[in-house]
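J.: So the chains spell out like this:
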Amino acid sequence: MELSQRERLSELVEELTTSGQPQLNQDKMKEVKKLCKVSNDCLDHVYHSVMSQLNQEHAEIRLSAFQIASELFARSHHFRMLLVDNFQEFLELTVETDSEQPLPPPKEVARKLRALAVQTVQSWQSSYGSAYKKLALGYHFLKQVKKVDFQDIEARTVAERTREEERRRRMERIYKEKVETAAKEMEESQQEIEATLTEMESCMRLLFPDFSPIDIQTANSSPSNSQPATKCPSDDEQPCCSKDLRADGRGAKVQEREENTGGMGTTEENRKTWKEKREREKAKKGCEGIEGKDGEKQEMHKSKEAERREVMEVELEEESEQEESSTEEEEADDEDFIRNSGLISHSYSLDLNLSPGLHVKETEDNEPVVSTVIDLHKLITTKHLPAVQGWVQVFTKSGGEEQLLRRALDLKRSLEATLQKHKELHIDYKARVRKVMKVSSDGEDDDDDDFDEVPEKEGYEPHIPEHLRAEYGLDPSPSTSTGSVAEKKPSTKKTAAPPLSSSSYSSMRRLKQLAEEVQDPTSVVATLHLLREKMPPPIESSSSSEPSSSQSSSKQTNVNAPVVPFGLDVFYWGQEQPSAGRIIKSASQHQFWVPAEVEEEVENEELLAESRSRYISFPGSFVPVSHFCRAPLSDGKLCQRQDRFKCPFHGPIIPRDQEGRACRQEDQEREEQEERRKREQQPDWRDAELMRDIEAATGEDLGSDRLGGKKRKGKKKKYPHLSDLKQSTNTSRCRLEKKVFNKSSLRRVAQVMNKADKRKHDKFSNQFNYALN
Amino acid sequence: MLGFLTARRAGLDDPLRLRRAESTRRVLGLQLNPDRDVDRIHGNGINTIDIEAVEGRYMLSGGADGVIVIYDLENFSGKLQYTCKAVCTIGRSSRYVHKFSVETVQWYPYDTGMFVSSSFDKTMKVWDTETLKPAEVFQFEGNVYCHHLSPIARKHSLIAVGTTNPKIQLCDLKSGSRIHILQGHRAEVLSVRWSPRYEHILATASADSKVKVWDVRRASGSLFTLDQHNGDKSKASSEAVNTAHNGRVNGLCFTGDGLYLLTTGTDDRMRLWNSATGENTLVNYGKVCNESRKRLQFTVSRGCSPEFVFVPCGSSVAVYTLHTGELVTMLRGHYNNVDCCEFHPDYQEVYSGGKDCNILAWVPVLRPSGVEEDSDHEVKGAAGQSSVNPAFQDAWSSDED
Numbered sequence: 001m002e003l004s005q006r007e008r009l010s011e012l013v014e015e016l017t018t019s020g021q022p023q024l025n026q027d028k029m030k031e032v033k034k035l036c037k038v039s040n041d042c043l044d045h046v047y048h049s050v051m052s053q054l055n056q057e058h059a060e061i062r063l064s065a066f067q068i069a070s071e072l073f074a075r076s077h078h079f080r081m082l083l084v085d086n087f088q089e090f091l092e093l094t095v096e097t098d099s100e101q102p103l104p105p106p107k108e109v110a111r112k113l114r115a116l117a118v119q120t121v122q123s124w125q126s127s128y129g130s131a132y133k134k135l136a137l138g139y140h141f142l143k144q145v146k147k148v149d150f151q152d153i154e155a156r157t158v159a160e161r162t163r164e165e166e167r168r169r170r171m172e173r174i175y176k177e178k179v180e181t182a183a184k185e186m187e188e189s190q191q192e193i194e195a196t197l198t199e200m201e202s203c204m205r206l207l208f209p210d211f212s213p214i215d216i217q218t219a220n221s222s223p224s225n226s227q228p229a230t231k232c233p234s235d236d237e238q239p240c241c242s243k244d245l246r247a248d249g250r251g252a253k254v255q256e257r258e259e260n261t262g263g264m265g266t267t268e269e270n271r272k273t274w275k276e277k278r279e280r281e282k283a284k285k286g287c288e289g290i291e292g293k294d295g296e297k298q299e300m301h302k303s304k305e306a307e308r309r310e311v312m313e314v315e316l317e318e319e320s321e322q323e324e325s326s327t328e329e330e331e332a333d334d335e336d337f338i339r340n341s342g343l344i345s346h347s348y349s350l351d352l353n354l355s356p357g358l359h360v361k362e363t364e365d366n367e368p369v370v371s372t373v374i375d376l377h378k379l380i381t382t383k384h385l386p387a388v389q390g391w392v393q394v395f396t397k398s399g400g401e402e403q404l405l406r407r408a409l410d411l412k413r414s415l416e417a418t419l420q421k422h423k424e425l426h427i428d429y430k431a432r433v434r435k436v437m438k439v440s441s442d443g444e445d446d447d448d449d450d451f452d453e454v455p456e457k458e459g460y461e462p463h464i465p466e467h468l469r470a471e472y473g474l475d476p477s478p479s480t481s482t483g484s485v486a487e488k489k490p491s492t493k494k495t496a497a498p499p500l501s502s503s504s505y506s507s508m509r510r511l512k513q514l515a516e517e518v519q520d521p522t523s524v525v526a527t528l529h530l531l532r533e534k535m536p537p538p539i540e541s542s543s544s545s546e547p548s549s550s551q552s553s554s555k556q557t558n559v560n561a562p563v564v565p566f567g568l569d570v571f572y573w574g575q576e577q578p579s580a581g582r583i584i585k586s587a588s589q590h591q592f593w594v595p596a597e598v599e600e601e602v603e604n605e606e607l608l609a610e611s612r613s614r615y616i617s618f619p620g621s622f623v624p625v626s627h628f629c630r631a632p633l634s635d636g637k638l639c640q641r642q643d644r645f646k647c648p649f650h651g652p653i654i655p656r657d658q659e660g661r662a663c664r665q666e667d668q669e670r671e672e673q674e675e676r677r678k679r680e681q682q683p684d685w686r687d688a689e690l691m692r693d694i695e696a697a698t699g700e701d702l703g704s705d706r707l708g709g710k711k712r713k714g715k716k717k718k719y720p721h722l723s724d725l726k727q728s729t730n731t732s733r734c735r736l737e738k739k740v741f742n743k744s745s746l747r748r749v750a751q752v753m754n755k756a757d758k759r760k761h762d763k764f765s766n767q768f769n770y771a772l773n
Numbered sequence: 001m002l003g004f005l006t007a008r009r010a011g012l013d014d015p016l017r018l019r020r021a022e023s024t025r026r027v028l029g030l031q032l033n034p035d036r037d038v039d040r041i042h043g044n045g046i047n048t049i050d051i052e053a054v055e056g057r058y059m060l061s062g063g064a065d066g067v068i069v070i071y072d073l074e075n076f077s078g079k080l081q082y083t084c085k086a087v088c089t090i091g092r093s094s095r096y097v098h099k100f101s102v103e104t105v106q107w108y109p110y111d112t113g114m115f116v117s118s119s120f121d122k123t124m125k126v127w128d129t130e131t132l133k134p135a136e137v138f139q140f141e142g143n144v145y146c147h148h149l150s151p152i153a154r155k156h157s158l159i160a161v162g163t164t165n166p167k168i169q170l171c172d173l174k175s176g177s178r179i180h181i182l183q184g185h186r187a188e189v190l191s192v193r194w195s196p197r198y199e200h201i202l203a204t205a206s207a208d209s210k211v212k213v214w215d216v217r218r219a220s221g222s223l224f225t226l227d228q229h230n231g232d233k234s235k236a237s238s239e240a241v242n243t244a245h246n247g248r249v250n251g252l253c254f255t256g257d258g259l260y261l262l263t264t265g266t267d268d269r270m271r272l273w274n275s276a277t278g279e280n281t282l283v284n285y286g287k288v289c290n291e292s293r294k295r296l297q298f299t300v301s302r303g304c305s306p307e308f309v310f311v312p313c314g315s316s317v318a319v320y321t322l323h324t325g326e327l328v329t330m331l332r333g334h335y336n337n338v339d340c341c342e343f344h345p346d347y348q349e350v351y352s353g354g355k356d357c358n359i360l361a362w363v364p365v366l367r368p369s370g371v372e373e374d375s376d377h378e379v380k381g382a383a384g385q386s387s388v389n390p391a392f393q394d395a396w397s398s399d400e401d
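Protein sequence lines, in the order shown, are assigned to chains A and B. Residues 1 to 773 (this note's numbering) make up the first sequence, in order. Residues 1 to 401 (this note's numbering) make up the second sequence, in order.
Simulated from the structure, these hints should not be mistaken for lab results. Incorrect hints may have been included.
Said to hold, decoys possible - Here are some, though not all, of the chain A residues that point toward chain B, as calculated from beta-carbon distances under 10 Å:
#: 1; residue: Ser4
#: 2; residue: Phe87
#: 3; residue: Gln144
What you are looking at is a predicted structure, and each value in this text was computed from that prediction instead of being measured. Every residue, glycine too, gets a C-beta built ideally from N, C-alpha and C.
The whole structure should be built from the sequences, with the hints applied where relevant.
T.: Right, dumping it as structure tokens:
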């Protein structure tokens with residue numbers, strides 16, 4: 001073998017082993033193999049160098065060497081012979097067979113090496129064990145004496161496999177169970193869901209029926225609707241001329257509705273239409289009176305009907321479908337009207353502006369329906385839909401349950417469709433503050449309504465519909481706000497003096513009742529009344545808009561005004577304190593010991609002032625520092641510290657020019673002085689060069705490297721890729737230990753402790769307790 | 001070889017000479033042979049082995065777990081590959097088994113129907129090989145380190161027993177009683193050996209660094225004590241007088257002819273003594289690793305022209321030439337300390353047992369052809385061998401080119 005080859009091989013092996021990489025460099029390895037292939041001498045050489053590398057006290061070197069060995073072991077018989085011949089040592093160095101020769105650090109790599117070696121030995125054994133006796137012996141030795149669990153590797157995989165199998169089976173079982181339970185659940189709740197769906201469907205139909213006669217009939221089965229229908233059975237064969245009018249009338253109502261639903265329609269207009277309607281009805285009534293067959297009774301009925309119709313109209317504001325039904329009624333009315341008065345030309349010019357979307361607004365009449373819808377919606381969104389989604393998930397995950405999955409999907413689809421429909425309805429919910437059945441104080445059923453007399457939550461009505469305001473004795477149009485905010489205004493409105501514009505005696509009775517309640521001091525109404533009387537004048541009880549506006553304005557001022565904590569001065573704001581600042585000294589309570597004359601009352605100006613004054617501090621605002629210190633540093637740069645007044649290294653901050661020199665004369669002088677003083681402090685014998693010379697001559701460390709600023713270069717690391725074994729010793733703990741446990745600091749601490757002890761002794765030496773210790 | 005054979009045919013040579021030459025050649029060719037295996041029975045370290053002298057067929061082994069196994073070494077199958085079968089075992093399930101580690105086993109020199117074992121359970125048992133039951137049990141006060149039956153004794157049937165007690169016990173198989181004690185040692189006796197030349201001569205080695213040679217007919221004291229300095233007082237410090245080693249002496253072995261005595265001690269030395277005079281022959285064997293606190297069983301070859309010593313040295317068996325002290329080879333194969341080795345004089349094989357539970361057979365390598373064959377034949381033979389076993393082939397892949 002040539003020398004160059006030998007050298008090259010040594011070099012390669014060293015490079016490979018000191019790379020510190022978990023895997024060998026394939027190119028280099030290939031070169032090694034190529035060289036080794038040439039002759040057995042090369043193999044010998046590689047074997048020896050690998051063994052010497054294996055003997056290194058570094059797990060990474062050993063790992064790489066082991067990898068080289070295993071590569072060559074698989075290739076060459078000669079190498080196998082060599083290695084097996086020295087298999088004891090090889091095992092000692094890689095598998096840690098000798099407990100007195102543990103694998104070197106780093107631990108992680110050592111563990112990896114060991115695992116790899118065990119694995120490799122096993123594979124060698126399986127492929128070469130029969131041919132190389134010593135290998136087999138080593139394998140058995142590892143297995144039986146060292147109890148290296150070769151099976152572990154395989155067993156682990158086997159165990160893993162069984163575990164995997166088990167897990168799969170368990171999952172299957174779980175899925176099956178899940179599917180079963182889901183199917184059962186679905187069976188059970190399908191009925192319920194379907195019921196919910198139909199209920200929802202019908203509710204929505206109630207709120208917003210389709211345009212079909214059946215729907216109309218089903219939707220409006222109230223007697224008020226059927227009454228006029230029965231009244232004029234010849235509804236269909238109307239004269240064509242009357243259709244105009246009817247259309248008009250309907251139009252008017254529609255417009256009105258539009259305005260109301262918009263919520264922003266001018267009340268003036270509203271009122272106008274109201275008046276018009278009322279006039280018309282009066283006229284109607286008049287006509288009826290003329291042509292009346294039933295006389296008073298009829299009229300009575302009529303008036304009632306009119307009232308009811310008013311209610312109806314408002315009620316219809318939301319439901320455009322119910323409009324249809326009301327048109328029936330309307331038709332009847334108009335027909336009557338035409339028939340009675342002969343007036344065709346109710347020529348109102350009306351603008352129709354229908355909003356494109358559907359809107360359903362909640363009123364008292366459809367409240368139960370709406371609340372049912374809400375409940376159902378909630379039920380669907382919170383219970384049914386998640387459940388169905390869960391089922392779908394379970395079925396899709398488990399797979400195979402086509403039928404069930406389809407059913408679940410159907411359910412889901414229908415539920416979602418229902419929800420979509422519900423969304424499209426745009427139901428305008430009232431704020432549900434309370435869930436109490438509202439007493440309908442409309443004239444509709446006043447004669448048999450006993451509940452009317454016991455209003456719940458005395459006098460508090462969160463929502464008073466527009467048209468009922470008059471009956472409640474309120475200003476019919478207090479504000480534009482028909483929204484819930486205004487309606488939730490305190491019930492002082494209610495107790496306001498009623499204008500008595502309405503002829504309804506029910507409201508009269510109600511008022512009377514209210515008045516009686518006012519008399520009763522225990523009732524809430526009375527209290528409220530009292531309160532209102534006490535209230536300062538600007539808070540107007542009759543109008544609900546004013547307080548809100550004043551409130552809003554006060555809110556605005558609140559924003560600007562500073563918030564101050566509550567204090568004595570606020571407590572006595574604008575008052576003269578009679579006893580402020582006076583200290584009263586009580587006279588002696590003793591029987592006969594009377595102290596010398598004392599002033600019983602002392603006027604204290606400070607205290608007085610305190611109760612009237614308030615300290616307010618104005619800290620000002622933070623302004624970030626924008627200037628730099630800019631003192632010249634040793635490396636030619638300027639100091640970049642941003643202190644406000646004084647740099648901890650360069651003193652007070654002074655204006656400096658580009659090079660960092662002080663601009664002002666006195667500053668320059670001061671700095672020069674400083675410099676001179678510093679130079680004087682350091683004696684000139686401490687010249688770095690000189691000291692190094694002295695050190696070299698005497699061999700004693702005088703600290704020249706501390707002075708010179710030039711650091712000696714550390715020893716260059718031989719193998720930069722290997723992980724540093726000494727690094728682990730350089731932990732924060734170690735450094736701290738070095739500091740804390742170093743001799744001088746220990747001595748110092750001991751001294752201090754001793755001193756403390758001594759002091760105690762000196763102080764308490766005459767006391768038994770302390771004298772002893 | 002051929003020269004020897006022609007000389008023998010011509011009657012020029014002594015028949016012994018050919019035999020010696022061939023056996024020497026075989027001993028030098030000892031190797032761990034893949035063809036020869038010994039059943040792995042022991043689950044613990046093997047302390048002692050013994051091959052019977054009558055047939056040379058059966059081998060006893062005693063393990064650290066108290067198990068005693070008898071192997072059949074004879075290969076009747078006609079094939080090269082042979083695994084020594086365990087004929088019978090006194091395992092842990094036997095009610096007669098030694099409770100603790102068996103330290104010494106020995107066949108009765110004249111019959112394989114009996115063997116003797118001694119153990120750390122303070123007993124020595126005399127077994128009947130047929131029934132595997134102890135025919136006699138001797139109880140002692142301390143752990144028994146070793147015992148020995150004289151291989152040539154005709155006039156007595158004494159077993160010398162070394163225990164923790166410094167007194168050496170002599171048990172008589174005829175009466176089944178302890179008939180005699182030999183006093184003189186100051187520490188436990190680690191090894192005892194009867195001389196193969198004179199039936200009444202006994203050598204004992206003790207932890208007090210002394211080796212004494214006794215004539216059991218003279219009970220008053222030992223014949224002499226081996227002195228490593230041969231009585232040169234100037235070299236020995238006062239306390240080292242009459243010591244064989246500077247540590248415990250844990251191995252004793254007479255040469256086959258009984259003229260020399262070998263001792264090993266924990267001072268990592270092996271010494272060869274003239275057994276007649278007790279003189280240190282001062283053969284330097286170099287360092288013989290020896291850390292055992294118990295008996296070390298080593299052996300000497302018989303029938304070779306220079307005799308060889310096989311001595312356990314760490315995890316290998318060192319082979320030295322007896323009189324020159326030259327290290328011939330190291331038989332490396334055990335993965336832990338070797339405690340005992342035994343030479344089979346008929347086949348020139350060495351059996352060794354160690355703490356790694358293995359009994360390894362070191363068998364002379366049969367050369368495929370004679371020494372005089374030319375080299376190309378060897379290559380052919382090697383090729384034939386590699387064709388037999390594909391594992392011997394190189395497996396260089398072509399991508400390394």
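J.: Now, for every hint given, state plainly whether the structure supports it.
T.: Hints, one by one, checked against the model:
With 10 Å as the threshold, the beta carbon of serine 4(A) stays out of range of chain B, its nearest partner Cβ sitting at about 19 Å, so the hint is violated. Interface hint status for phenylalanine 87(A): upheld, as the beta-carbon distance to the closest one in chain B is roughly 8 Å, under 10 Å. For glutamine 144(A), the shortest C-beta to C-beta distance to chain B is roughly 6 Å, which falls under 10 Å, so the interface hint holds.
Of the numbered hints listed earlier, the single one contradicted by the structure is hint 1.
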